[in-house]
Structure formats: structure tokens, C-alpha cells
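Asker: So the chains spell out like this:
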Amino acid sequence: MTGNIAILGYGLSAIGPGIGVGLIFAAYINGVARQPEARGMLQPIAFLGMAITEALAIFGIALAFVFKG
Amino acid sequence: MSIVAAAPTDYTAPGVEEFWQPLFGTDGPWAVTRPILLMVVATGLVVWWLLATTKKKALVPGRGQMGTEAVYGLVRNGIARDLIGSKEFMRFVPLLFALFTTILVNNFFGVIPPFSYPTFSRIGFPIALSLIVWVVFHVVGMRKHGFIGYWKSLVPAGLPKAMIPAIFFLELITDLFTRPVTLALRLFGNMFAGHILIVLFITGGWYMLNSGGVLVVAGGVTWIFAFVMTLFELLVEFLQAYVFTLLAALYIGGAVADEH
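In the order they appear, the protein sequences are chains G and U. Take the first sequence: its position 41, counted from the start at 1, is 41 in my numbering, and no numbers get skipped. Take the second sequence: its position 14, counted from the start at 1, is 14 in my numbering, and no numbers get skipped.
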């Protein structure tokens, strides 16, 4: 089997953000379900949280390609 | 490009090198590449679209003006006013609107056939945009609070004295380094990863279709998935333009806020 261990590293780095993004949207859906009129207020916060959490996975894929060589 | 055309004998997965596409000029750093051409086309498109839909401003808007107003309203009310605050947001709406439209059109180029290349999958483009945002939010913060006051305002008030140096150091790293880097890398990473995934699905499907046997079925399924991924990519492209603008507004809003 051939391949690159950097890609495995990316897989590992995607676990945390995956759980995190899931939690954020679970909370967002919960919030909107309980109080639909708060949607406009919650949406930017949810996407913001997603963007910040996702950054770790993005670092992971960037570094996977950096250390591939 | 050439990987699809040639009858495959041995499959090589797409990599970083697919994104290096010089059109003419030298092969070095000054080559005119596909993304820079797309950037020019995108800028032209945005300018043309804005001029064409706002030339005859009507009180009862037509379809074109309605679309433009919807996009403008999203940036102005949904992003700028919510995150910067109703007092100062109008100053920053032009910047945010320009960021949003530029990123959106360039991202959509990633799945629209004659272009088929997300401009921001070359790291230089997102770096340029995030540098603009970085300079803007520091400068407006310093103008508002003064040079010393701005750096002081990084530390939240009411902190125990012993904590101040550590928190200041952390906030300094966040403001000077983490924020611009993540802003650029997020856009780059999403565009790069999404595009490489589509290329992988399509070239891999093509390879399997040409291999014969059971693999033909797998190749067909792969192409269906390539189509699904393309639709998903459309969503991601919009979302990234939105998130970039949202974060730019948040950083600017944090810099001009009266207190953290």
C-alpha cells in the first residue's frame, strides 16, 4: 500500500471540527425551533461559529498539502 | 484539462499542479495565468451588472434592480448593520459589498463551465483580500481610539492585573496573525478542496468508465456523485463569500466598538 501519511493527518484534524460544526448547528436548529423569530439573530452567530471551528480543518488540509512533498 | 482527454492507462490523482495554469507569458512568477484572467472577467462582470441594473433607478424596481437590491440588502442589513452597529456601518458597506460580490462571482466561476476555475483556489488572491481587511480594521480602530487606546482596548476591562500581560499577548497574536491568516486560508482551503474533489470525482469516474467490467457501473455512480458534489459546491461557494464578508464586518465592528 502506498500513500501519504499527511492525508491521514488531515483525516484526524477533521474529526474535531466535524463534531464542533455538528454541535453548533444542533444548537442553532434547537434555538430556531424554540423561538423562530430569533432566526435572524442566531444565523450570523451560527455561521460565525462554524467558520471559526472549521478553520482547524482548513489548516489541516493546507498543512497536509504542505507536508506532502 | 488534459487528464480527461487522454485515454487513461494509469490513474494519477489530481493534485496541486492542476491549479497552475499559465496562459501566456513566461512560466515564472510574472506569467499571466488563468485565475488572474478570471479575476479581471469577474470584476468586469460585477461592474457591468451593477451599472446595468442601477442606471435607470425606479421607485418600483424591475427584475434586475430587484436582484441587485436583494444582494445589497443582504450585505447592508444582514451583515454590516448587524455586526458593526447602526451608528457607523454605512462607511464600510462599500468595502463589504465589493468583497461579497467579488468573492461570490469568482467562486461561482468554479462550477460555471467556460470558466471552471475558482479564482480563490490560488492562495495569492485570498491573501490580498484578507490583507485589505486586516489593514482596514486596524486603521479604523486606531483612528477611533488613538494608537495607544486601540492596543489598550484589546484587553477587556476589569481583569486582574496579573492576567493583563498574558491576555494582551494572546489578543495581539489573534489580531495580528490568526485573524488574517484564517480569513485567507478558509476561503482558499474551501475553494481548493472543493475543486480538487470535483476533479477527483470526474477524472476518477472517467478512468473507471474506460476500464471496463464492473468498474463501468462504479464510474457511472461516481459521475452522479460528481454532479451532486457540484451542487454542494455551489452552496459552499455562496457560504464562503458570506462568511468572509461576515468575518470582515465582525473584525471591523470589533475595532470600532466602544468597548470590547
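Any given hint might turn out to be false.
[As the list claims (entries may be wrong)] Just a sample of chain U residues kept apart from chain G, beta carbon distances all over 12 Å, derived:
id, residue
1, Val60
2, Gln65
3, Ile167
4, Leu246
[As the list claims (entries may be wrong)] Here are some chain G residues pointing at chain U (derived, C-beta under 10 Å):
id, residue
5, Leu23
6, Pro36
7, Gly40
8, Phe47
9, Ile52
10, Glu54
11, Ala55
12, Ile58
13, Ala62
14, Phe65
15, Lys68
[To be verified] Among chain G residues calculated to face chain U with C-beta under 7 Å, some are:
id, residue
16, Leu42
17, Ala46
18, Gly49
Because the hints were derived from the structure by calculation, they are not lab data. The structure presented is a predicted model; accordingly, all values stated were derived computationally and were not measured. Positions of the beta carbon are idealized from the N, C-alpha and C atoms, including for glycine.
Asker: A separate judgement is required for each hint: does it hold in the structure or not?
Answerer: Status of the hints after comparison with the structure:
No beta-carbon of chain G comes within 12 Å of the beta-carbon of Val60/U; the shortest separation is about 26 Å. Chain G leaves Gln65/U outside its interface by the beta-carbon criterion, the shortest separation being 24 Å against a cut-off of 12 Å. Every C-beta of chain G lies more than 12 Å from that of Ile167/U, the closest at about 19 Å, which supports listing it as non-interface. Against chain G, the non-interface label of Leu246/U is violated: not every CB pair exceeds 12 Å, the least being about 6 Å.
Taken as an interface hint, Leu23/G does not check out: its beta carbon lies about 18 Å from the nearest beta carbon of chain U, beyond 10 Å. With a least beta-carbon distance of about 17 Å to chain U, the hint placing Pro36/G at the interface is violated under the 10 Å criterion. Interface hint status for Gly40/G: upheld, as the beta-carbon distance to the closest one in chain U is roughly 8 Å, under 10 Å. A cut of 10 Å between beta carbons decides the hint on Phe47/G: the least distance to chain U is about 6 Å, and the hint holds.
A cut of 10 Å between beta carbons decides the hint on Ile52/G: the least distance to chain U is about 8 Å, and the hint holds. Annotation: interface hint on Glu54/G holds; nearest CB of chain U at approximately 7 Å, less than 10 Å. Restraint check, Ala55/G versus chain U: the minimum CB separation of about 4 Å is within 10 Å; hint holds. Restraint check, Ile58/G versus chain U: the minimum CB separation of about 4 Å is within 10 Å; hint holds.
The criterion of a C-beta within 10 Å of any C-beta in chain U is met by Ala62/G, whose closest approach is roughly 6 Å, and the hint holds. For Phe65/G, the interface hint holds, since its Cβ comes within 10 Å of a Cβ in chain U; the closest pair sits about 6 Å apart. Checking Lys68/G against chain U by beta carbon gives a least distance of about 8 Å; that is within 10 Å, so the hint holds. The interface hint given for Leu42/G is broken, as the beta carbon of that residue sits about 11 Å from the closest beta carbon of chain U, more than 7 Å.
For the restraint placing Ala46/G at the interface with chain U, the shortest Cβ-Cβ distance is roughly 11 Å, beyond the 7 Å limit, so the hint is violated. A least Cβ separation of about 11 Å between Gly49/G and chain U goes past the 7 Å threshold, and the interface hint is therefore violated.
Hint compliance for this structure: hints 4, 5, 6, 16, 17, 18 are broken, all remaining hints hold.
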